[in-house]
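Participant: One letter stands for each residue in the lines below.
2 protein chains.
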Amino acid sequence: MPPRRLLAAALLMGLFTTTAQADEGMWMPGQLSDIAAPMRAAGFRGDVRTLADVTRPPLSAVVRAGGGTGAFVSGDGLLLTNHHVAYGVIQYNSRPERDIIEGGFIAAGRSDERPSNPDFRVLVTVGFDRVTDTVLEAARGLQGRAYFDAVDAASKRIVADCEQAGDVRCSVANMYYGTDFYRIRQLELRDVRLVYAPPRAIGNYGDEIDNFMWPRHTGDFTLLRSYVSPDGRPADYSPDNVPYAPPAHLQIARTGLHAGDFAMLAGYPGVTFRHRTADEFEAQVTRTLPQRVAVFDALIAAVEQAGQGDADVRTRYAAQLQSLKNNRKRAAGELEGLRRSDAVAQRREDERAMLAATPAATRGEIDALRTVLAEGDAMGERDLLLGLVASQTQLMRAALLLERLRLESARPDSERETGYQRRDHALIEGVLRQAQRRYAPAAEKALMTVLIGRYQQLPDAQRLPAFDAAFGRTPESLAHALDTLYAGTRLGDEAERLSRFAAARDGRALADDPLIALAGPLVAAQLEIEHARKRRDGEQLRLRPAYMQALFAWRASQGRAVYPDANGTLRVSYGRVEALSPRDAVTYAPVTTVAGIVDKHTGEAPFDAPRPLLDAIARGDFTGTDEPSLGTQPVNFLTNLDTTGGNSGSPVLNARGELVGLNFDSNWESVSASWWFDPRLKRAIHVDMRYMRWLMAEVYPAPALLEEMGLPAR
Amino acid sequence: MPPRRLLAAALLMGLFTTTAQADEGMWMPGQLSDIAAPMRAAGFRGDVRTLADVTRPPLSAVVRAGGGTGAFVSGDGLLLTNHHVAYGVIQYNSRPERDIIEGGFIAAGRSDERPSNPDFRVLVTVGFDRVTDTVLEAARGLQGRAYFDAVDAASKRIVADCEQAGDVRCSVANMYYGTDFYRIRQLELRDVRLVYAPPRAIGNYGDEIDNFMWPRHTGDFTLLRSYVSPDGRPADYSPDNVPYAPPAHLQIARTGLHAGDFAMLAGYPGVTFRHRTADEFEAQVTRTLPQRVAVFDALIAAVEQAGQGDADVRTRYAAQLQSLKNNRKRAAGELEGLRRSDAVAQRREDERAMLAATPAATRGEIDALRTVLAEGDAMGERDLLLGLVASQTQLMRAALLLERLRLESARPDSERETGYQRRDHALIEGVLRQAQRRYAPAAEKALMTVLIGRYQQLPDAQRLPAFDAAFGRTPESLAHALDTLYAGTRLGDEAERLSRFAAARDGRALADDPLIALAGPLVAAQLEIEHARKRRDGEQLRLRPAYMQALFAWRASQGRAVYPDANGTLRVSYGRVEALSPRDAVTYAPVTTVAGIVDKHTGEAPFDAPRPLLDAIARGDFTGTDEPSLGTQPVNFLTNLDTTGGNSGSPVLNARGELVGLNFDSNWESVSASWWFDPRLKRAIHVDMRYMRWLMAEVYPAPALLEEMGLPAR
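Chains as they are written, first to last, in the working numbering: chain Y, 3 to 716; chain A, 3 to 716.
So that you can see chain Y by itself, here it is in the shape it has in the complex (with noise of 0.2 angstroms):
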């Protein structure tokens, strides 16, 4: 039974009148009408149908905005979204003899609006439609590789055949891994141009330390406006280009919410891995996470001890140890959560119950399937090393990236590897300049020791013969390889690195090298890793599809449904206003003041809060902007509702469908939640549109643009 049939046989059934969902849930529009009754009976005021529609107003507001999310705010293409989210727009128009990064802008009138940087985009949808049967048809009946060409052969014409009439941008969308599929059309407008940034400490203020962090007290917010040309087609940026129209743009409320108020956010969230099987989850724990944490650390380690007395060293890799920690620091915080929730145990019995009310049929489908998932997870730990090795390094990076090049090149560009094809080539030959700034001969030595010195330490079926070949099998071996190439290779040289990539583009030989020839066998290996995971994702993309419907089944026999794990594409999440407590004896308030920016603040970055904002605190005029119970001004709030990385910019609505909120991070419990959503501890964390209002208002004061919202100035 389709999911949609099930949900309704749910429905009729009344079960979703006891049901818990405990408000997790990143639900497709379409599936909205099927949970009308948790979403009314959890305060949702408006009228569901109206939500179903991804094309039609509210929904039609809310709109891709860089690398998130955003959502008019005016009939004129007024788009709100994140600081942070437009932090490159801003940066694009910042100049030494005007900082709008740390000054903040409000532009003048529409002609003094700046254009963004050129690779800005806004995505609006115009097309949402089920195409499954279309993906698969070729599909059907194929294996492994097979099937995965087939499904990535049929999902490249429909985005071709779609892109034909010109302006829309296509994509299809896989739900619930390969059971269903979408095409998806939208308009990509180009032309977006900067109206009003807050100052750098109000937008960003706490920054690095307050990341994740919550009680909060940040304005993380910036006001856009998209253009398309005089004929209303999108464009890029023209002074005789005019605003854009857009189908539906969102009321900012008067009011704001208490602790308990229905909330509900609209947003982009890029990937989730909710209903990945319990096996996925315990190597996850059990394996995935502490080796990554594991391998960074030795990572950190290498770079740290390099860098040691060098400060040169030091600079050069100065952005790739940040980089390093926050990745370490991310999986460690994921492992964290993930067994505080006890997620393994819990997914575990949950998926147990599953099978057991699951046919045979299907659980042999499970089966087959948990065989591939082992498959892959048995070669976990040595394809982690070797894409670290891809990524981690400069000139083994530059080689292995030239060598492929040469192959590819050597196809019809339409038949070449995502990423290797002409459009590109820009990129490629980006990646190949900055090795010069980035790259010190004994970090890299230091970090290929790292990486292949534990590859050297796994078992034999995890092993590559050309790894074999290229180090050697033991410390010693690595060390001799590893000098002589890095004493031989004439890569660190930019002009040789750029012949080489004149050469790869056309198919043709690369000039001699080292590290070149050492690429050939290795490019060759990688090959047959990219093969096996073709093959593994194709039997995937044709079993999960077995496990969701037992899934499906089991939830509906809970009276639950099943929104599709997050992929990028357009979700609603409902909820409400929710305190956190998240240690023993400590509770934090859902909604802050701006006490607290006079709390934190030292004058020094990231808590210097300007001296206007300052000033206008110790005023205290909150009229009309303030929250009456705390009888001050309130500057963010915390919900329950389920986001996950995508969702920055999300606009937060109150029940009857108004703008309340500006979603711009989560706390740091909840790095988790992208596995396993823990009501207890997963929170989303909302500038309150009421401190949108009092800054423009009251500090830095924009009055026609809060006209043209339909604020009042006051």
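No lab work stands behind these hints, which were simulated from the structure alone. None of the hints are false.
For identical chains, the list gives no copy identity; a pair is met inside one copy or between any two copies.
Below, a list of computed lysine-lysine pairs in the DSBU-like style, where the Cα atoms sit at most 30 angstroms apart: (1) K447 x K331; (2) K447 x K327; (3) K158 x K536; (4) K602 x K331; (5) K327 x K602.
Dock chain A against chain Y, hints included.
Facilitator: Same frame as chain Y, now just chain A:
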């Protein structure tokens, strides 16, 4: 009017019924009958009169123990205090083959109880008598140094007369800054034994990281037992001694407290400055504390730089560096707290109103007091710097100590300054010996450069010719002087110091050395400073009572009593269990539970909860010691009781006088409470007696001790 009578008048006027004391107050027990009404209004259910006599039950159960407070909890001398107060006793009994610091200790029986380190004392107050007239008799009519000497001589005479009887230690306590004097007689129990100590990871769970922190999860308690000779008199350790029968012991409660419940506490708070003048508050916030922070910062930087690239220097100065950092942190915390509470302005406004209501004659004396205080304040930075020269150096300190000892030793022992009498010789010798381990010439020169360098910047009025002659008035002359001194001195050699010590204690001339030669004029200058200080102290003793009288009258007009600032004598404070909201949107509940121990547990010190504790928490059997409203085992709790250093180990009693908690710390925001009690932020942290009972019943069982305390084994 004497304070007692003013208070009585206020009570008759019914003023206390409307008072808002904010629970501030470290009351002398004798005052409690005067504040019976507000105590009863706060929830006290016992008879206030029985609390008024320190020599009768229940306060006679409360004693000085080591550097803190303790309370008898059985008729056989069983004494409850903090793990950190008894730490020296535990350490003294720890052996490599049986590390009872780590593992804890439970005596197998009375014969297994372990003697304390010989200098550990328990002091039982047996007399507390007003001696104001006797102390002040000879001083009346005098001024300055003469007033000081007269008070000093009279006090010494009272002590000598009092101790004639033997077995008691006597002292004279100065209440209300020279207004009243009390003779205190105390039994000095010298045979104190270790009975029960939890493992380090319970008694000091969280260590420095959790110090000053709430929420807290520490079992900071230890049980000792006092012994006396068979005829009942204080005695040194002997196996023939018998348990001491205390005049009273406290009964441990079977139930705990909840938010808002009445609580009271008795103990020996060390020093507070609450009744200092507004000028003194201002000096503390605008000069003294900022000067301390700045000079500690400079000393820390000097030590750290001296240790760069020299592991030996780092080792020698590790303890001093830690101490400097603690002092710096403490001063900065006090400054931050006083500013946060706007203490100077509040004290200034209160004093202004008080003076307006004060008769002119008294105001004249207060003006004179302010002049004396201004004289001291004008020399404040110099006295800070030269005090640090004597405390933060090794060889310079040794030279100053030897020279001063030589001078003092030329006089009869009874006339020597405290600290240089015959009984102090062992301590001085210890200081001179250990100089060896904590000295490096480069580091000491760096410290001297900071201190004298800052001294050189002072205005002429603060300068001393001897110091200018020794070090010149420029950085160059200072560097030259230090190079010459430290190149030439032989005091770095222990034998050289000790041979001079032998001469100095006999008042003989000291063998030649550059530092010794310098110490002559420097000590003479220090004696001048000391004389000026004693003159000012005499004037303060003479004049502060006028300020206190004005304060008594002013507070009486407000319906408020006045407690004397803390001075190490027995005090009682009362208040209630209360949550803490230190920052915007943050609330800490007033009771913690064992769940927090598990939350904090990392397996690594200081968060390495012992396995038996974790297992017992997992078993979850908290019968009889649980908090029913939380459904689990409580650990620590928080009150607004008025405490300061010296209150460690203070018993916390409920409304019926039963023992419910053991005070062991306060929160970071309370660091400034020695000057200003801010009811929003001042909290004290206690071990819940139910946690101690559970540990002794379920985790590290000691059924005989529970029985001795009248408690069920479960």
